[in-house]
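Novice: Quick note, the sequences are listed as chains A and F, same order. Oh and the first sequence: position 44 is 44 in the UniProt record's numbering, straight run, nothing missing. Oh and the second sequence: position 193 is 193 in the UniProt record's numbering, straight run, nothing missing.
These are calculated hints, taken from the structure and not from any lab test. Some hints could be false.
Note: identical chains are not told apart, hence a pair may lie in one copy or across any two.
Below, a list of computed lysine to any residue pairs in the SDA-like style, where the Cα atoms sit at most 25 Å apart [to be verified]: (1) Lys-174 <-> Glu-213; (2) Lys-26 <-> Lys-39; (3) Lys-183 <-> Ile-225; (4) Lys-16 <-> Val-150; (5) Lys-183 <-> Leu-251; (6) Lys-26 <-> Trp-43; (7) Lys-26 <-> Pro-105; (8) Lys-323 <-> Glu-245; (9) Lys-227 <-> Tyr-286; (10) Lys-174 <-> Glu-311; (11) Lys-227 <-> Ala-250; (12) Lys-332 <-> Pro-170; (13) Lys-206 <-> Pro-105; (14) Lys-183 <-> Gly-149; (15) Lys-14 <-> Leu-54; (16) Lys-77 <-> Asp-30; (17) Lys-26 <-> Gly-42; (18) Lys-227 <-> Arg-278; (19) Lys-26 <-> Glu-41; (20) Lys-206 <-> Glu-109; (21) Lys-14 <-> Met-55; (22) Lys-174 <-> Thr-290; (23) Lys-39 <-> Phe-111; (24) Lys-79 <-> Gly-132; (25) Lys-16 <-> Pro-50; (26) Lys-206 <-> Glu-41; (27) Lys-16 <-> Asp-57.
There are 2 protein chains.
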Amino acid sequence: MGSQISIERNQNPKPKPDQSHLGFGKYFTDHMFLMDYTKEEGWHEPRIVPYAPLMLDPSAMVFHYGQAVFEGLKAYKTKNDDILLFRPDKNMERLNISNERMNIPPIDEAFLIEAIKELVRVERDWIPVAEGTSLYIRPFIIATEPCLGVRAAEQYTFIIILSPVGAYYPEGIKPIKIHVENKYVRAVRGGTGFAKTSSNYASGLKAQIDAAEHGCSQVLWLDGIEKQYIEEVGSMNVFFKIAGEVVTPALNGSILNGVTRDSIIRLLEEWDVPVTERKISMEELYLAYTNGTLEEAFGTGTAAVISPIGELQWTDKRIVVNKGEIGVISKKLYDTITRIQSGQIEDTFGWTVDVGAIHVP
Amino acid sequence: MGSQISIERNQNPKPKPDQSHLGFGKYFTDHMFLMDYTKEEGWHEPRIVPYAPLMLDPSAMVFHYGQAVFEGLKAYKTKNDDILLFRPDKNMERLNISNERMNIPPIDEAFLIEAIKELVRVERDWIPVAEGTSLYIRPFIIATEPCLGVRAAEQYTFIIILSPVGAYYPEGIKPIKIHVENKYVRAVRGGTGFAKTSSNYASGLKAQIDAAEHGCSQVLWLDGIEKQYIEEVGSMNVFFKIAGEVVTPALNGSILNGVTRDSIIRLLEEWDVPVTERKISMEELYLAYTNGTLEEAFGTGTAAVISPIGELQWTDKRIVVNKGEIGVISKKLYDTITRIQSGQIEDTFGWTVDVGAIHVP
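Starting from the given sequences, assemble the full structure and let the hints guide the process.
Specialist: Structure (structure tokens):
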């Protein structure tokens, strides 16, 4: 299907940024992938074109009613100059789950993976190779129909942009402080918490700023009903190791089904480490802390892979995890996943997908 | 402050649409108002320019993380050719409340009203005059910074667009059927329900489609915690007249503080009709229906002003209100508000604001 994609080359490529100061999502490559949807034609005109501003009518529905979904994954260049994607099928499956919730027409998942591969092949020289760096891939869909009626749009654009990103931990992996959020709610049963839709992020900004004021870099979200059960940390899933068992909140409709989360569960099962998806309350966590059975805590997501948690602030209580150091399992998971992603160790799970050689001149 | 606003005239004005088929939010006028925000300059460069597409980087944060707020109000042309706005101060006050929740920098409210007046003066020939028509005013703010980091943006654009809109009831006011939503949730305490942010609308689309499948035109939203207490109807506030008393859900943080809602409460107080803002459950409503004390029900909002409810479908129960006819109070409220808005009767509340004569050539 790749041959359906037309390619217009950028005649004015940008200079590549310094690989030691990439940060996250600040630099973008020379091309982007676009595809439009209309009710009459369905998804059509897949094309790779020079990276450029989008032109949208001021009444485009995305600006007013927030019909927008996205995904995030990464491409890595191996020592042999191969380019690997990590489980892109899971991201594209989730994109359609998000589409379904937000009333956006679905897209063929195999074609989406082809589109990603083709764009990454075109931009292969943009993939950074310094330790911990990668090419971040951001597919997203926005409602473009120019109309102020409150209803599902009849026109959309699907876009993929690419951003070379730096190592998440340029000075080595370091546990973070977390503020347990008691006022704001990220998501509730019946809402959009399981979908990767723009609104889940804007609504959490205020809590993020509150967390920073408490000297914390992230928020731990509790359930919207009882404000007791743990849901996510910032924009990551969360895991705790308690008395030898690794526990993560079950997918209950308000939690994102993270690709890294799923990979961790499968790795732990492979290693015969007990791992359970279930409800876990702050009371239980605090009790485990006080009786000395809380061994490790970490967030998981595409950006950081593993983000160890050194401390949680819950009302007036403080929970210090593993003396503020990264735990053994956290470190092993981080090393294993990042090495699979970058082709440094064998991928026995079939998770990595080789982008292949460029076949379009 | 109006003199700060630069005006670039559109040299290619569009033909005006047929006033008998305007619909809602489908046609836009020849000009728009723009103003930008940067961290360094604050809100700056207020300008009226020809209506044209917005050019935004594909990484503009609004597309990814949904930082977007909006307002909706109307301008009416009176028989004397004056142009009236209805309570624009309330809308601009609410815009800043929405801004605060969504971490968007506030804007001076008096200046916003001047901006609306100036744009409406420029577009005065676009205001339709047929019965029930008006010029809909849509101020909105979007995060424009090109960055994929999950944080509050540091660049925004404030925009006002105008749309001539048709009569909400071209064939006379007609009660609607409502589906009481039991699966999806619009908002929850600690969320963004009280803010006019884009995400509150996209998340409700699925329920709207479910309602349509039940032969209903709107959704009645229940609270996200117990799914018992009534919150809003579609994108309107809701009122019930029970045993002579008019009841509307209290503003609890998940309900929008509607300008029409507030106007209705004040009119009812003026008329000595008992009106109460409080929690009201579906059980209570159903009981009132079964014992014959449910007299009227209606939604309220800028688009329809009053939308009488003829029937509610709640699980397997049906609640028919006033034999499916518009009630006496509903009709009196509709007539009074629309006549105040269009200058047909005296405005003893000081709600209407005259846009004034154009003072820029």
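Novice: Run every hint past the structure and note whether it holds.
Specialist: So, going through the hints one by one against the coordinates:
Within a single copy, Lys-174 and Glu-213 get their C-alpha atoms as close as 20 Å, which meets the 25 Å cut-off; across copies the closest is 52 Å, which misses it. With identical chains, the CA atoms of Lys-26 and Lys-39 are at most 25 Å apart between copies only, with a shortest distance of 17 Å across copies and 34 Å within one. For the homomeric pair Lys-183 and Ile-225, the shortest alpha-carbon distances inside one copy (12 Å) and between copies (15 Å) are both at most 25 Å. Taking CA atoms no more than 25 Å apart as the test, Lys-16 paired with Val-150 passes between copies only; the shortest distance there is 23 Å, against 42 Å inside one copy.
In this homomeric assembly, Lys-183 and Leu-251 come within 25 Å of each other (Cα to Cα) both inside a single copy, at 22 Å, and across copies, at 17 Å. For a Cα distance limit of 25 Å, the shortest separation of Lys-26 from Trp-43 across copies, 23 Å, qualifies, whereas the shortest one inside one copy, 29 Å, does not. In this assembly of identical chains, the alpha carbons of Lys-26 and Pro-105 lie at most 25 Å apart only when taken from different copies (22 Å versus 30 Å within one copy). Proximity of Lys-323 and Glu-245 under a CA criterion of 25 Å is satisfied intra-copy only: 19 Å inside one chain copy versus 61 Å between copies.
When the C-alpha separation of Lys-227 and Tyr-286 is checked against a cutoff of 25 Å, the pair qualifies only within one copy, where the shortest distance is 15 Å, while the shortest distance between copies is 30 Å. Taking CA atoms no more than 25 Å apart as the test, Lys-174 paired with Glu-311 passes inside one copy only; the shortest distance there is 12 Å, against 59 Å between copies. Proximity of Lys-227 to Ala-250 under the C-alpha cut-off of 25 Å is found in both arrangements, the shortest distances being 16 Å within a copy and 22 Å between copies. Proximity of Lys-332 and Pro-170 under a CA criterion of 25 Å is satisfied intra-copy only: 18 Å inside one chain copy versus 67 Å between copies.
For the homomeric pair Lys-206 and Pro-105, the shortest alpha-carbon distance between copies (13 Å) is at most 25 Å, but the shortest distance inside one copy (31 Å) is not. Taking the shortest Cα distances, Lys-183 and Gly-149 sit within 25 Å of each other only across copies (23 Å), while inside one copy they are farther apart (33 Å). In this assembly of identical chains, the alpha carbons of Lys-14 and Leu-54 lie at most 25 Å apart whether taken from the same copy (18 Å) or from different copies (24 Å). For the homomeric pair Lys-77 and Asp-30, the shortest alpha-carbon distance inside one copy (18 Å) is at most 25 Å, but the shortest distance between copies (50 Å) is not.
When the C-alpha separation of Lys-26 and Gly-42 is checked against a cutoff of 25 Å, the pair qualifies only between copies, where the shortest distance is 22 Å, while the shortest distance within a copy is 32 Å. Taking the shortest Cα distances, Lys-227 and Arg-278 sit within 25 Å of each other both inside one copy (16 Å) and across copies (24 Å). In the homo-oligomer, the alpha carbons of Lys-26 and Glu-41 lie at most 25 Å apart only across protomers (21 Å), although the nearest pairing inside one protomer, at 34 Å, exceeds that limit. Taking the shortest alpha-carbon separations for Lys-206 and Glu-109, only the inter-copy value of 22 Å comes in at or below 25 Å, while the best intra-copy value is 34 Å.
Within a single copy, Lys-14 and Met-55 get their C-alpha atoms as close as 21 Å, and across copies as close as 20 Å, so both meet the 25 Å cut-off. In this assembly of identical chains, Lys-174 and Thr-290 lie within 25 Å of each other by CA distance solely inside one copy; the values are 23 Å within and 63 Å between copies. In the homo-oligomer, the alpha carbons of Lys-39 and Phe-111 lie at most 25 Å apart inside one protomer (19 Å), although the nearest pairing across protomers, at 41 Å, exceeds that limit. For the homomeric pair Lys-79 and Gly-132, the shortest alpha-carbon distance inside one copy (13 Å) is at most 25 Å, but the shortest distance between copies (69 Å) is not.
Proximity of Lys-16 to Pro-50 under the C-alpha cut-off of 25 Å is restricted to the intra-copy arrangement: shortest distance 15 Å within a copy versus 37 Å between copies. For the homomeric pair Lys-206 and Glu-41, the shortest alpha-carbon distance between copies (23 Å) is at most 25 Å, but the shortest distance inside one copy (40 Å) is not. Taking identical chains as interchangeable, the C-alpha atoms of Lys-16 and Asp-57 lie at most 25 Å apart only when they sit on different chains, with a minimum of 18 Å there against 32 Å within one chain.
Violated hints are absent here; each numbered hint is respected by the structure.
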